[in-house]
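Colleague: Chains as they are written, first to last, in our numbering: chain A, 19 to 348; chain B, 553 to 661.
Because the hints were derived from the structure by calculation, they are not lab data. Heads up, none of these hints are tricks.
In silico DMTMM-like cross-links for lysine to aspartate or glutamate, where the CA-CA straight-line distance does not exceed 25 angstroms:
1) A:K35 x B:E600
2) A:K83 x A:E54
3) A:K83 x B:E600
4) A:K35 x A:D90
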Amino acid sequence: MSITTDLTDRYLGAAVKHAPERQRADLERELRASIEDALEPRLDAGEPVDTAERAVLGGLGDPEKLVADWLDRPLHLIGPAVFLLWKKLLIWGLAVLVPITVVAVYLIQSLVQRDLVGPIGDAIGAGLSVAMHVAFWVTLAFAIVERSTDALRSLRKQWTVDDLPSRTPGRGEQLAEGIIQLVAVGALVFALAWQQFNSIYESDGQPVPLFEPSLWLWWWPFAIAVTLLGAIVQLVRRFDLVSAWVNLAGQVLVTVPAVWLTVTGAAFNPEFLERLRDEVQAWPVLEGTAIDTGFGGAVIAIGAILAIGGAWDAVEGFRKARKPRTVLAG
Amino acid sequence: MDELSSLEQHRQELRRGTVVLACLAQLREPGYGYGLLETLEGAGFDVEANTLYPLLRRLEKQGLLTSEWNTEESRPRKFYRTTADGEAALAALRIEWRALSSAIDALGA
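So that you can see chain A by itself, here it is in the shape it has in the complex:
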């Protein structure tokens, strides 16, 4: 005859619920025996069943926690072994994907909606959505890894002194930069090809490209070749003075003509500009302003961005070649 009451049954029910099928009977038997063992001396001493039971069960604590300890289950989502890795991945993922998404959505939507203000909301919404997805999937992946011991062991490599970031930008950084450049070239080529065959304007059933089509004869192949060469040099050489000069030369060859083409408007297809002008003149927000000044301002801004970007890149090349990162010595 059991000395326990319904309270113990409820406790045991709550506990075994969290254990796998196979182990439930065993767990329940062992726990019940222990509880009864603990109750006996109290009951023999005259304590009423209710208070004794409450004391014993209270001492055992939260049944879910008890069973988690029993089964050696982690009481955390992401444990110390992989936490830093998770954090790094999460921050990188967000830092890269969210700005790209926001900018891309804004640009595309502002063209589609023919509005400057409305797309801001869309862009922010898209940015938030991407941020939540990144956070969720990265965290989920790591929560799964935490609970899969084999995968964990391979990630849990011991930190050694070799893992310190090196004093000069290392191969890793260099490789990353080279790859980014290659990807950028690829994206540029793709975008150029795309704009040739797709446009928001059409004339006689053919799309009106943004960029002057005759540029295809000499400018685009030239710019793409130079940038590609620059990317390959980046990948192959260390960050040294030679590669910095090469980078500067490449920048000059590409950026100077690009700025000139942009500012003089020669880069753009005149037909496209015509259509854009007509279109924009109809925008309510721009009513009354001088369209030409606006256009002029826009191309100068783009030219300036190109020039500054090119100059910055060239300077960076020299900076990385020259200074090893100084140690913060006393």
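Fit chain B to the supplied structure of chain A, relying on the hints for placement.
Modeller: Just chain B now, kept in the frame of chain A:
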């Protein structure tokens, strides 16, 4: 275990390792959950039920203890017993314990 003073946390850390040693030593004679709890408390090892029972299972999983259901008495109980691996571990832990103890004594002087 939630809001202990730092001293209490350090004391717990100190005790935590010794409970394993005590279990392995005590269970060279087969024992069961509650009985072991009583014995340990009597011997001066302040350990709680919700720490001891999961510990016993963990040690069993590590192969240092083995368990068996005893159905002779009116109340069936799961008895634990130190294995050969457990004995070896116990011996190693004892040596470790004595080394630490003398090292600390040496520090104190």
